[in-house]
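Student: Sequence:
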Amino acid sequence: MSVRIGLLGPVHITVDGETVQLSRKTEALLAYLLLADGPQRRAQLAQIFCREARDPAGTLRWHLSRIRQDVSTDLLETVDKMIAVRPGAAWVDLHAFEQGLADGQDLAATVALYRDDFLQGMSLADAPEFEIWLLGERNRLRRLYEEGLSRLGQGQSEAGDFTAAITTFRRLLQHDPLSETAHARLIWLLAQDGQRDEALAQYDLCCSLLEQELAVPPTPELTELAQSIRSGLIVAPRRAALPEIDAGWFDDAPDAVDQRLIVRQAELTQLQQAWAAPSQVVMVQGDAGSGKTSLIDAFVSTQPGTVLLTGRCYESTRAMPYRPWIDLLSRLLDPISDEDLSTIPQHWAEQLGRLLPNLAARRGVVPAQHDPQEHLFAAIADFLGAQAKNTGQAVFIDDLQWA
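Taking the numbering used here, the leading residue of the sequence shown gets 1, the next gets one more, and so forth.
Since the hints were made in silico from the structure, they are not lab data.
Where a beta carbon is used, it is the ideal one built from N, C-alpha and C, also for glycine.
A couple of the hints might just be wrong.
Pair ranges (Cβ atoms, derived) [claimed, not checked]:
| # | residue 1 | residue 2 | range |
| --- | --- | --- | --- |
| 1 | D193 | Q373 | 29 to 39 Å |
| 2 | T78 | T391 | 43 to 53 Å |
| 3 | G194 | A388 | 47 to 57 Å |
Required output: the full structure, derived from the provided sequences and hints.
Tutor: Below is the structure:
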């Protein structure tokens, strides 16, 4: 029997080539088990997926029976009161995707496995813990996909295949249209390929998107690249490294202050006064494009050594709890080595693992999903406070109206 399960996009299951349909919650349970780091307790699964049912344990048994009957009797294995997916019982696109990225042998085939976001269209309003897990996994896999496309495009460029590299970076920008780094690489590639007008049009598009969505100007490096193209300084196509433009989510603030802020000295002074007092919360209000983000950047630039941590709310994800905090914490913690991660206190890791399953797996702890919400908030505050001991730290949540 051949069982193939697609999770990158809407769930798609085939058994010996025939499509199998499961209920949405059964699909969610199967996906959760496929990604789980080891066997899962029945009681915990019932709490996550069936807590609203009159008989949670019985409802869980029904979902498990559908997996066994409709997909494969060999897919799941039970040990005592634990449930797990039997290793090798099914081909799973997500597993192949992660393995392909790790191997790096055929990135084109690997990124092609990513049909759409993880469990696209999936939502369980009566399972909030699953929703949080789902959001964290989607974000993690989106970043892996973007990393894979970037590596693929870099390799194609170094091989001199500018046409393929251009296609790859266009694909990356379809997925993340606000990635200034991807815009810069595409602009450079178009210029190298002799498409000067297309390169400048792409620069104009990037500037427009940054202004409309983030109210920020392009980086000086990107502006310099565009000026080089206009002046004809970009040389003929050659094997070369793509330009690197740092458009990270948290960095030391830039030195330059947006010229629009010359008339914002009063607001800047207000922020500086609030900063002088301990642990202040400030609301920055204004119309889209009025320079709110630029004001924050300018403020941080007046505080040497201050690190700006940024999370952003989106209209499309307003029903998903903790979205900006998941993004912020993921970008802060994902680059940390396993050795440094081991120094994070266990009780912090157990709480943060409620939002970041990958952190819990790397740290070797079980997320404290059933603890009071206040414990999670305290762990986030304590963790960020510890990070700020030796440096100033500002947390900026953008587009809060979508929270």
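Student: Can you give the numbers of the hints that this structure goes against, from lowest to highest?
Tutor: Per hint list: single violation, 1.
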